[in-house]
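There are 2 protein chains.
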Amino acid sequence: MTTKRAATMKDVAREAGVALGTVSKVINGIPVSEPNRIKVEKAIEALHYEVNTYARGLKTQRSNLVALIIPNTHNPFFASFADHIGAALYKRGLKLLLCCADGIPEKEIDHLNMAMNNKVDGVIALTYSDIGKYITNNLPIVVFDRFFENQVIPRVASDNFAGGCLAIEKLLEFGCKHPVYIRFHSVFPGESDKRRDGYLHACAKYGLEPNYLDMVDCDEKIDHMKRFLDRHKNPDGTLRFDGVFAHTDYHGYLFMSLLQREGYRVPEDVQIIGFDGICKFGNIEEELFVSSICQPLEPLAEKCVEILLAQETQTVPSLTLLPVTYRYGGTTKES
Amino acid sequence: MTTKRAATMKDVAREAGVALGTVSKVINGIPVSEPNRIKVEKAIEALHYEVNTYARGLKTQRSNLVALIIPNTHNPFFASFADHIGAALYKRGLKLLLCCADGIPEKEIDHLNMAMNNKVDGVIALTYSDIGKYITNNLPIVVFDRFFENQVIPRVASDNFAGGCLAIEKLLEFGCKHPVYIRFHSVFPGESDKRRDGYLHACAKYGLEPNYLDMVDCDEKIDHMKRFLDRHKNPDGTLRFDGVFAHTDYHGYLFMSLLQREGYRVPEDVQIIGFDGICKFGNIEEELFVSSICQPLEPLAEKCVEILLAQETQTVPSLTLLPVTYRYGGTTKES
Numbered sequence: 001m002t003t004k005r006a007a008t009m010k011d012v013a014r015e016a017g018v019a020l021g022t023v024s025k026v027i028n029g030i031p032v033s034e035p036n037r038i039k040v041e042k043a044i045e046a047l048h049y050e051v052n053t054y055a056r057g058l059k060t061q062r063s064n065l066v067a068l069i070i071p072n073t074h075n076p077f078f079a080s081f082a083d084h085i086g087a088a089l090y091k092r093g094l095k096l097l098l099c100c101a102d103g104i105p106e107k108e109i110d111h112l113n114m115a116m117n118n119k120v121d122g123v124i125a126l127t128y129s130d131i132g133k134y135i136t137n138n139l140p141i142v143v144f145d146r147f148f149e150n151q152v153i154p155r156v157a158s159d160n161f162a163g164g165c166l167a168i169e170k171l172l173e174f175g176c177k178h179p180v181y182i183r184f185h186s187v188f189p190g191e192s193d194k195r196r197d198g199y200l201h202a203c204a205k206y207g208l209e210p211n212y213l214d215m216v217d218c219d220e221k222i223d224h225m226k227r228f229l230d231r232h233k234n235p236d237g238t239l240r241f242d243g244v245f246a247h248t249d250y251h252g253y254l255f256m257s258l259l260q261r262e263g264y265r266v267p268e269d270v271q272i273i274g275f276d277g278i279c280k281f282g283n284i285e286e287e288l289f290v291s292s293i294c295q296p297l298e299p300l301a302e303k304c305v306e307i308l309l310a311q312e313t314q315t316v317p318s319l320t321l322l323p324v325t326y327r328y329g330g331t332t333k334e335s
Numbered sequence: 001m002t003t004k005r006a007a008t009m010k011d012v013a014r015e016a017g018v019a020l021g022t023v024s025k026v027i028n029g030i031p032v033s034e035p036n037r038i039k040v041e042k043a044i045e046a047l048h049y050e051v052n053t054y055a056r057g058l059k060t061q062r063s064n065l066v067a068l069i070i071p072n073t074h075n076p077f078f079a080s081f082a083d084h085i086g087a088a089l090y091k092r093g094l095k096l097l098l099c100c101a102d103g104i105p106e107k108e109i110d111h112l113n114m115a116m117n118n119k120v121d122g123v124i125a126l127t128y129s130d131i132g133k134y135i136t137n138n139l140p141i142v143v144f145d146r147f148f149e150n151q152v153i154p155r156v157a158s159d160n161f162a163g164g165c166l167a168i169e170k171l172l173e174f175g176c177k178h179p180v181y182i183r184f185h186s187v188f189p190g191e192s193d194k195r196r197d198g199y200l201h202a203c204a205k206y207g208l209e210p211n212y213l214d215m216v217d218c219d220e221k222i223d224h225m226k227r228f229l230d231r232h233k234n235p236d237g238t239l240r241f242d243g244v245f246a247h248t249d250y251h252g253y254l255f256m257s258l259l260q261r262e263g264y265r266v267p268e269d270v271q272i273i274g275f276d277g278i279c280k281f282g283n284i285e286e287e288l289f290v291s292s293i294c295q296p297l298e299p300l301a302e303k304c305v306e307i308l309l310a311q312e313t314q315t316v317p318s319l320t321l322l323p324v325t326y327r328y329g330g331t332t333k334e335s
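If you're matching them up, the sequences are chains U and R in order. Counting from 1, one number per residue, gives the positions in the first sequence under our numbering. Counting from 1, one number per residue, gives the positions in the second sequence under our numbering.
Because the hints were derived from the structure by calculation, they are not lab data. Keep in mind that a hint or two might mislead.
Unchecked claim - In silico DSBU-like cross-links for lysine-lysine, where the CA-CA straight-line distance does not exceed 30 Å:
(1) Lys194/R x Lys280/U
(2) Lys333/U x Lys221/R
(3) Lys107/R x Lys42/U
(4) Lys221/R x Lys107/R
(5) Lys221/U x Lys280/R
(6) Lys221/U x Lys221/R
(7) Lys177/R x Lys226/R
(8) Lys280/U x Lys280/R
(9) Lys177/U x Lys107/U
(10) Lys280/U x Lys107/R
(11) Lys226/R x Lys333/U
(12) Lys194/U x Lys233/U
(13) Lys221/U x Lys303/U
(14) Lys280/U x Lys221/R
(15) Lys107/U x Lys119/U
(16) Lys42/U x Lys119/R
(17) Lys194/U x Lys280/R
(18) Lys226/R x Lys280/U
(19) Lys205/U x Lys119/U
(20) Lys333/R x Lys107/U
(21) Lys119/R x Lys303/U
(22) Lys10/R x Lys119/U
(23) Lys226/U x Lys280/R
(24) Lys119/U x Lys91/R
(25) Lys233/U x Lys205/U
(26) Lys119/U x Lys226/R
Unchecked claim - If we take Cβ atoms under 7 Å as the criterion, some of the chain R residues that face chain U in the derived model are:
(27) Gly21
(28) Asn72
(29) His74
(30) Asp83
(31) Gly86
(32) Cys100
(33) Asn113
(34) Gly282
What the hints assert, rightly or not - Examples of chain R residues toward chain U, derived with CB under 8 Å:
(35) Lys10
(36) Ser24
(37) Ser80
Where is the CB? At the ideal position from N, CA and C, for every residue including glycine.
Construct the entire structure; sequences and hints are all you get.
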């Protein structure tokens, strides 16, 4: 069985006998010579080349620009999210205005106004401020992950509650008897707080005594982890827990390093499951830092864009949750 | 000694008795009520608040948009570079149009035309195609890292040649007698090829026999590394090299993992120095994957933007190289 390959811009250039750049210009509405324009249009027709259909449902006077407000792209989670958002926009003929605001409300608002000044068609935000009140003229907006007081603005997130449950279920499945939970959290409420709810739910469901380190994020994470570890040592040096659900892969990695420095083996003595699904070296290296509950970054980005462009906003739910999955990353005992 | 803190947008809002968003709007030229505009302007004057000075030297009809064309932001090196470019633009009142082209020439050209259609004021590109010929109307452009046939376009890169030398010098300083070089390279020529030249120069300078694995990048990197390793084993299992200069941190990490799987200790049996200076978890975690020759990402980004905005293009050198530095990352024996 053979499937006919869809024509590419290159095919159009070959068919029309013009340079690739000429085809791109015609498609993007940049003037070229009249004979070339005609050649390209004929080739597009002959090959049934599908030009990116420009997004509908936005303002009529469009810039085809969508602003993404995120803290930074140093963090690999945000960096991959930005990449997937860009790809989801690109295939709809839209461009990405990247606004890294370092989580500083002042900078977020400034970026937002700069973006509005450039007449962006919409905003996707992973933000720490209630930016809804700064947005005027019915600009479409979608918020990722963060909790937002303004319920009118649609939100997209992973199913963090189910992820918290799944982490504990996996640790039990791999033989843990006494899992603990470790998290350092933002002062801003967000969907990720539900990981804790999921953890507590799983404890109740499986008859486990909740046991956790739960603190506001700070620079002394290692010190707090060390004290938590010391509090759970038996006189013979063995530990009173055998599994860790870490709030993020980063927390899981820090705790793993601490355990190894203290002479404990991972996963033999303690199994660890993190959250996020961050890969070493980004997508180049498929290896996770720790076994993890993975957020579906590509579908999350696609969903944000889809909702942003939705024509019938009445049918958009205020909160859309996408399922998470467990993935092995070397810190669990697979059965 | 006390230094007077520079006034922030928040201070202006407090002084003017208006909301932060109002200040931002005035600064960004978005209409507000006349009394509010006057209040804000008075407060700006009273506090000597420094409004971002908008970049000069660009077209008079400005969009204040600069396009960055890079392969992706999954790769932490590109991701951090994009972040620093955004920061360098932001402080000049410019915005970042992020174009991830996956290194596909067709997509790069398409992004470029989309960007020109949005009347960007300039382009910074880490590209694999000779996009110079697609750029019309004297659009300012700066190229990072890649080699470019068109010498008119200014390029910015790290001093890769010096970095290659430095890696060998550091390995020798830490006691290596037989360093080898491992690289998998792109089919496209680029500044990073000079790491190899630097390695060969150091070999000549220090009387070392060049010994390397040098191949076009492929999916079978581990297999090739394994064969290279096997070729360098003595009958008793010891190795005929004791140091590795890896073309990138990623290559260094892969080789370290292979060595450890084969029962060799890093850095006791083999010391490794990579190139790039990529940190685990981006900037959250300051820990490197391997000891590394670090590229100065923030200065590189700053330099790209500075050259892009330079008014007197005659004085811009065709190639600007910034110095690299060695940093310990656990895979070398510090003396």
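These are the hints, each one checked on the structure:
no., hint, verdict
1, Lys194/R x Lys280/U, "holds, 26 Å"
2, Lys333/U x Lys221/R, "holds, 28 Å"
3, Lys107/R x Lys42/U, "holds, 22 Å"
4, Lys221/R x Lys107/R, "holds, 27 Å"
5, Lys221/U x Lys280/R, "holds, 16 Å"
6, Lys221/U x Lys221/R, "violated, 37 Å"
7, Lys177/R x Lys226/R, "holds, 21 Å"
8, Lys280/U x Lys280/R, "holds, 7 Å"
9, Lys177/U x Lys107/U, "violated, 46 Å"
10, Lys280/U x Lys107/R, "holds, 26 Å"
11, Lys226/R x Lys333/U, "holds, 27 Å"
12, Lys194/U x Lys233/U, "holds, 29 Å"
13, Lys221/U x Lys303/U, "violated, 34 Å"
14, Lys280/U x Lys221/R, "holds, 16 Å"
15, Lys107/U x Lys119/U, "holds, 18 Å"
16, Lys42/U x Lys119/R, "holds, 28 Å"
17, Lys194/U x Lys280/R, "holds, 26 Å"
18, Lys226/R x Lys280/U, "holds, 21 Å"
19, Lys205/U x Lys119/U, "violated, 50 Å"
20, Lys333/R x Lys107/U, "violated, 43 Å"
21, Lys119/R x Lys303/U, "holds, 29 Å"
22, Lys10/R x Lys119/U, "holds, 25 Å"
23, Lys226/U x Lys280/R, "holds, 21 Å"
24, Lys119/U x Lys91/R, "holds, 20 Å"
25, Lys233/U x Lys205/U, "holds, 26 Å"
26, Lys119/U x Lys226/R, "violated, 54 Å"
27, Gly21, "holds, 4 Å"
28, Asn72, "holds, 5 Å"
29, His74, "holds, 4 Å"
30, Asp83, "holds, 4 Å"
31, Gly86, "holds, 5 Å"
32, Cys100, "holds, 5 Å"
33, Asn113, "holds, 4 Å"
34, Gly282, "holds, 4 Å"
35, Lys10, "holds, 6 Å"
36, Ser24, "holds, 4 Å"
37, Ser80, "holds, 5 Å"
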